[in-house]
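**Q** Chain residues, written in single-letter form:
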Amino acid sequence: MTQTLPQALLLQAETRGSAIALRYKRLGIWHVRSWSELAEDVSRLAAALHQRGFSRGDDLLIISQARSEALLLALAAQWLGGSVTLLDPELDNRPLLTRLKPAFVLAEALDAVQQVRSIDTPPRVLLFLDGRGLNTAEDRALNAYAELSVGVTTDAPAPVSDSAATAFVFHPAGLGQPQRLSHGQLLDGARKLVARESLSASEEALAARVFAASGQARYLLAPWLSAGFCLNFPEALATRDTDRRELGPTLVLGTRESYARLEFWARERLPLPGTFSHRLYRWAMVPEVNSVRRWLGHWLIRRPLLDVLGMSRLRVPLLVGPALSPESAEFFGALGIRPGNWQEPSTPRALVDAPALLISQSV
Amino acid sequence: MSATTESVLLRLDDISLSFKGVKAITSISFAVKAGEICALIGPNGAGKSSLLNVINGVYQAQSGSVSYAGQTRRRMRPHQAAERGIARTFQNIALFKGMSVLDNVLTGRNLKRRSSWVEQMLRLGRAPREDDEQRRHAEKVIEFLRIHPWRHVLVGKLPYGLQKRVELARALAAEPELLLLDEPMAGMNAQEKGEMSQFIRDINREFGTTVVLIEHDIGVVMGLCDHVVVLDYGRKIGDGTPEQVRANPDVIAAYLGTRRTRTERH
Numbered sequence: 000m001t002q003t004l005p006q007a008l009l010l011q012a013e014t015r016g017s018a019i020a021l022r023y024k025r026l027g028i029w030h031v032r033s034w035s036e037l038a039e040d041v042s043r044l045a046a047a048l049h050q051r052g053f054s055r056g057d058d059l060l061i062i063s064q065a066r067s068e069a070l071l072l073a074l075a076a077q078w079l080g081g082s083v084t085l086l087d088p089e090l091d092n093r094p095l096l097t098r099l100k101p102a103f104v105l106a107e108a109l110d111a112v113q114q115v116r117s118i119d120t121p122p123r124v125l126l127f128l129d130g131r132g133l134n135t136a137e138d139r140a141l142n143a144y145a146e147l148s149v150g151v152t153t154d155a156p157a158p159v160s161d162s163a164a165t166a167f168v169f170h171p172a173g174l175g176q177p178q179r180l181s182h183g184q185l186l187d188g189a190r191k192l193v194a195r196e197s198l199s200a201s202e203e204a205l206a207a208r209v210f211a212a213s214g215q216a217r218y219l220l221a222p223w224l225s226a227g228f229c230l231n232f233p234e235a236l237a238t239r240d241t242d243r244r245e246l247g248p249t250l251v252l253g254t255r256e257s258y259a260r261l262e263f264w265a266r267e268r269l270p271l272p273g274t275f276s277h278r279l280y281r282w283a284m285v286p287e288v289n290s291v292r293r294w295l296g297h298w299l300i301r302r303p304l305l306d307v308l309g310m311s312r313l314r315v316p317l318l319v320g321p322a323l324s325p326e327s328a329e330f331f332g333a334l335g336i337r338p339g340n341w342q343e344p345s346t347p348r349a350l351v352d353a354p355a356l357l358i359s360q361s362v
Numbered sequence: 000m001s002a003t004t005e006s007v008l009l010r011l012d013d014i015s016l017s018f019k020g021v022k023a024i025t026s027i028s029f030a031v032k033a034g035e036i037c038a039l040i041g042p043n044g045a046g047k048s049s050l051l052n053v054i055n056g057v058y059q060a061q062s063g064s065v066s067y068a069g070q071t072r073r074r075m076r077p078h079q080a081a082e083r084g085i086a087r088t089f090q091n092i093a094l095f096k097g098m099s100v101l102d103n104v105l106t107g108r109n110l111k112r113r114s115s116w117v118e119q120m121l122r123l124g125r126a127p128r129e130d131d132e133q134r135r136h137a138e139k140v141i142e143f144l145r146i147h148p149w150r151h152v153l154v155g156k157l158p159y160g161l162q163k164r165v166e167l168a169r170a171l172a173a174e175p176e177l178l179l180l181d182e183p184m185a186g187m188n189a190q191e192k193g194e195m196s197q198f199i200r201d202i203n204r205e206f207g208t209t210v211v212l213i214e215h216d217i218g219v220v221m222g223l224c225d226h227v228v229v230l231d232y233g234r235k236i237g238d239g240t241p242e243q244v245r246a247n248p249d250v251i252a253a254y255l256g257t258r259r260t261r262t263e264r265h
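Chains as they are written, first to last, in numbering that gives the first Met the number 0: chain A, 0 to 362; chain B, 0 to 265.
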């Protein structure tokens, strides 16, 4: 049994090397990486990080939306026995950055780079994903992620094998104690989730949310490496609804807010109240024991609505944080989607309308 | 504004234009350096759009000449201007409303195609490879201008501000050296203007594209442009940096307005 996330990656590369591990969209086109390609990429990045002085016990701070590059570099840092701190680029992270004084940083774009530059102690290595608006000539520590592996000749050291090593560090809002998740904790939790939800290598998961939440690591990243399914990244946060429709994921992870946003998005597009179409919608969305009505409602309204939402193949809807509002729970429940969190399986018959514990309290 | 010969991309020399005896432009000369953002400002009817039309060959000046990239021409047709790297947007949006954003942007790549219409129709020879290449270029522009969420949406269904951005994308898809923007921020709110200004600045910085734009919002012009040319009744009354133009008494009097003295009012 694998002890760490990089070992789990290598195991997947050995056992299902040609299967698709990652799918991401660039310039309107979907691209894929197999498990063996992914393991090579991560190994190369680990060698590059190692050459730049990153070693066991160091921390890589990432300020990025959910992007495949951020994930690969996180795994590379963990390969070397380091931890990864994930921050939301939409937030003002300057007070936290001032406190942490990070030495190794991956910043998604100009805004995140500016946040890092605002602190007194500059990092030893500052990598960026999107160089738009950046003047790399004025900062020697500033390097493009795309050029990180250029000129690296040495191989990466053997991946970390200590399950107690910290894999991720999450900083709660305010000045609370950081939450550290070890490789062992993550893999144990992932195995439980995989067993409970019967996750297999055939799942298609969508990673649309920013990585800066522990739920991402617990629910998505660790189970992905454990079960060996495919992790899909949308082109951008703004395109995630379109990309979800194109992919038809079987596993999604969302918060109360993200489910509510999707519900609002769907309700905005419903026929106007008072019209025949709206009455038909309401008729179809009412839970009904009559099998004819249920069958008709499914094919006339609910199935097309699920297609529009990109949820027609959805098997495992997961929820991070508080339970859905009663309205959202009713809406998604009528569509057969009942998001569950760590304590609650994702497909109970009853609507999820009771308050649930925070994920951070649950494991 | 003085500009050395070697750094000048566009030079207008003594341009005059009239329509049936009505003088639209009278003896205007100025130069635009490569890599700068130049604004043409002036009240309505000052001749700004006419001047833009002269630059890209829609109108032929009755006198004077236009030098572009070292070549001086008495006359230049719009398609010649496009072939030589001049692209433009229009005051009133001129997009194909029934086509998607992607298809509209792809029309900006037409001049980059080398395959014949037969090859394109039958998807033979160079056409398939070219299609992929054009799509890749168009997608880069779409991503650059952050319109990828609407890639497959019909342009007619987009709000006005986004349509303006699509029009800019179509012009940018042609990989122009000189970009002419006719009121790119007209009808936009402050936030949209801010976004559009940032896109124009990014285009100028990332691609080195020289930009000549017409804009009425003086705040935007002063914050965005390196060089400002002021027109009034078809004549040039100011030419310089934003600071120079701001201090020019003729500009203050004609365009920004002056406070009349008590004796003038009575």
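The reader is advised that the hints may include incorrect statements.
Stated by the list, open to error - Lysine-lysine pairs mimicking DSS-like chemistry, simulated, CA-CA at most 30 Å apart: (1) K24(A) with K32(B); (2) K32(B) with K22(B); (3) K156(B) with K24(A); (4) K24(A) with K22(B); (5) K22(B) with K96(B); (6) K192(B) with K96(B); (7) K192(B) with K156(B); (8) K96(B) with K19(B); (9) K96(B) with K32(B); (10) K32(B) with K156(B); (11) K24(A) with K139(B); (12) K139(B) with K111(B).
If you're looking for bench data, these hints aren't it; they were derived computationally from the structure.
**Q** Take the hints in turn and mark each one as holding or not.
**A** Checked hints:
Among the hinted pairs, K24(A) with K32(B) is inconsistent with the structure: their alpha-carbon atoms are about 39 Å apart, more than 30 Å. A distance of roughly 27 Å separates the Cα atoms of K32(B) and K22(B); the hinted pair therefore holds under the 30 Å criterion. At most 30 Å may separate the alpha-carbon atoms for a hinted pair to count; K156(B) and K24(A) meet this at roughly 25 Å. Annotation: proposed proximity of K24(A) to K22(B) is violated, straight-line Cα distance about 54 Å (limit 30 Å).
Simply put, K22(B) and K96(B) have alpha-carbon atoms about 35 Å apart, too far for the 30 Å limit, and the pair is violated. Distance restraint check for K192(B) and K96(B): the Cα-Cα separation of roughly 22 Å lies within the 30 Å cut-off, and the hinted pair is therefore satisfied. Restraint check: the Cα-Cα separation between K192(B) and K156(B) comes to about 21 Å, which is no more than 30 Å; the hinted pair holds. Straight-line distance between C-alpha atoms of K96(B) and K19(B) comes to about 34 Å, which puts the hinted pair past the 30 Å bound.
Proximity of K96(B) to K32(B) is assessed by CA-CA distance (about 35 Å); at most 30 Å being required, the pair is judged violated. Straight-line distance between C-alpha atoms of K32(B) and K156(B) comes to about 38 Å, which puts the hinted pair past the 30 Å bound. Distance hint between K24(A) and K139(B) is fulfilled; the C-alpha atoms sit about 13 Å from each other, no more than 30 Å. The suggested pairing of K139(B) with K111(B) holds, with an alpha-carbon distance near 15 Å, which does not exceed 30 Å.
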